[in-house]
Amino acid sequence: MIDSHITLLLSAALFAIGAAGVAVRRNPLIMFMCIELMLNSANLALATFSHYYSRLPETLPGSVDLIPSTELGSASDGSIFVFLVMTIAAAEAVVGLAIIIAIFRTRKEVDADQLSELKG
Amino acid sequence: MIIFVAKCILSVLALVSALGVAFSRQAVHSALCLTFNLLCVAVLYLLMSLHFLGAAQLLVYAGAIMVVFLFAVTVLAPEDEMLGKWNDSYRLTGVAVAALLGGCLIAVNRTANLRDLNSPEAGSLRQFATDLFGKYVFPFEGTAFVLLVALIGVVLLGHRRLRDLDRGGPSRD
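Chains as they are written, first to last, in my numbering: chain X, 1 to 120; chain L, 1001 to 1173.
Hints listed in this document are in silico derivations from the structure and should not be mistaken for laboratory results.
Don't take each hint at face value.
Residues from chain L shown here face chain X by an in silico Cβ test under 8 angstroms; the list is partial [what the hints assert, rightly or not]:
no.	residue
1	Ala1027
2	Phe1069
3	Thr1074
4	Gly1158
In silico DMTMM-like links for lysine to aspartate or glutamate, alpha-carbon gap of 25 angstroms or less [as the list claims (entries may be wrong)]:
no.	chain 1	residue 1	chain 2	residue 2
5	L	Lys1007	X	Asp77
6	L	Lys1007	X	Asp3
7	L	Lys1135	X	Asp77
8	X	Lys119	X	Glu92
9	X	Lys119	X	Glu109
10	X	Lys108	X	Glu92
Sample of chain X residues at the chain L side, in silico, Cβ under 8 angstroms [what the hints assert, rightly or not]:
no.	residue
11	His5
12	Leu14
13	Asn27
14	Ile35
15	Leu84
16	Ala90
Yeah, the Cβ is synthetic: ideal placement off N, Cα and C, and Gly gets one too.
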């Protein structure tokens, strides 16, 4: 049981560590790295589910017919989703870092607590 | 069996490096720990016979994104004395909420009914390419568009005229 669950448990732990980092740190760069960590852990969970559910059984144990597995998607659907998420994560990382650097060049400091201009 | 042992070792390494990302004093150490963590996850993908994902993880995350991160850390290096500061008021609350979240996730994930049904062609590159350029060709092209928009946006964000550089103020256009 633990053999197939270990990557799932790892992804949950990585997500929690990333969330703790985002909440605790004040440096926007490290907060951003923790966000990347959380995205990566979600990818890991998706890949694990895709690996283990990549082909559904034709019949349930009670010999109930399922829909044919071709209508449920093929074996590489999860990999494609993870690949698309990776691409979006790359775009997001680049835009976020550009925003952080622009803020740094304007204010000469990086501190997430000081960035409160938009507060009403 | 040996795959299970390798998964365990990689999981421990990934956990330790993730803790290094979140709680190390310097941003450079965080970036290097994040690189190591992404490498561990890439090897985990390979062990799950998701070969393309392992290669893409290496190229996209550990290659491209980490270069950008290290560049940003280098640009922000003069502020080194505040890079290790902590958000003291939220320290306990943040860790407690994250621990609660992780506990809930682990409790839910333990109940997942995973059956090892992977067919021999589950992670094969041929099937992956057929689906990516067949069924999912429009999302694939959509990511190309998103990357183009991100590229233009980053150039606009980073663009500055020379007189603004002299004055030290932000770019107005």
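Now the hints, each set against the structure:
Here the hint on L/Ala1027 is kept, as its CB sits about 5 angstroms from the closest CB of chain X, short of 8 angstroms. Interface restraint check: L/Phe1069 against chain X, minimum CB-CB distance 7 angstroms, threshold 8 angstroms, status holds. Restraint check, L/Thr1074 versus chain X: the minimum CB separation of about 11 angstroms is more than 8 angstroms; hint violated. Evaluation of the L/Gly1158 hint against chain X yields a held restraint, the C-beta minimum of about 6 angstroms falling below 8 angstroms.
Using a Cα cut-off of 25 angstroms, the hinted pair L/Lys1007 and X/Asp77 holds, with the two alpha carbons roughly 23 angstroms apart. A distance of roughly 8 angstroms separates the Cα atoms of L/Lys1007 and X/Asp3; the hinted pair therefore holds under the 25 angstroms criterion. Between L/Lys1135 and X/Asp77 the alpha-carbon distance is near 10 angstroms, which keeps this suggested pair within the 25 angstroms criterion. A hinted pair counts as satisfied when its Cα atoms are at most 25 angstroms apart, and X/Lys119 with X/Glu92 qualifies at roughly 24 angstroms.
For the suggested pair X/Lys119 and X/Glu109, the alpha carbons sit about 18 angstroms apart, so the restraint of at most 25 angstroms is met. A threshold of 25 angstroms between alpha carbons decides the hint, and for X/Lys108 with X/Glu92 the separation of about 23 angstroms falls inside it, so the pair holds. Among the interface hints, the one on X/His5 holds; its C-beta lies about 6 angstroms from the nearest C-beta in chain L, closer than the 8 angstroms criterion. With its C-beta approaching chain L no nearer than about 5 angstroms, X/Leu14 sits inside the 8 angstroms limit, and its interface hint holds.
The criterion of a C-beta within 8 angstroms of any C-beta in chain L is met by X/Asn27, whose closest approach is roughly 5 angstroms, and the hint holds. Nearest Cβ of chain L to the Cβ of X/Ile35: about 11 angstroms, over the 8 angstroms cut. The hint is violated. Nearest Cβ of chain L to the Cβ of X/Leu84: about 6 angstroms, under the 8 angstroms cut. The hint holds. Among the interface hints, the one on X/Ala90 holds; its C-beta lies about 5 angstroms from the nearest C-beta in chain L, closer than the 8 angstroms criterion.
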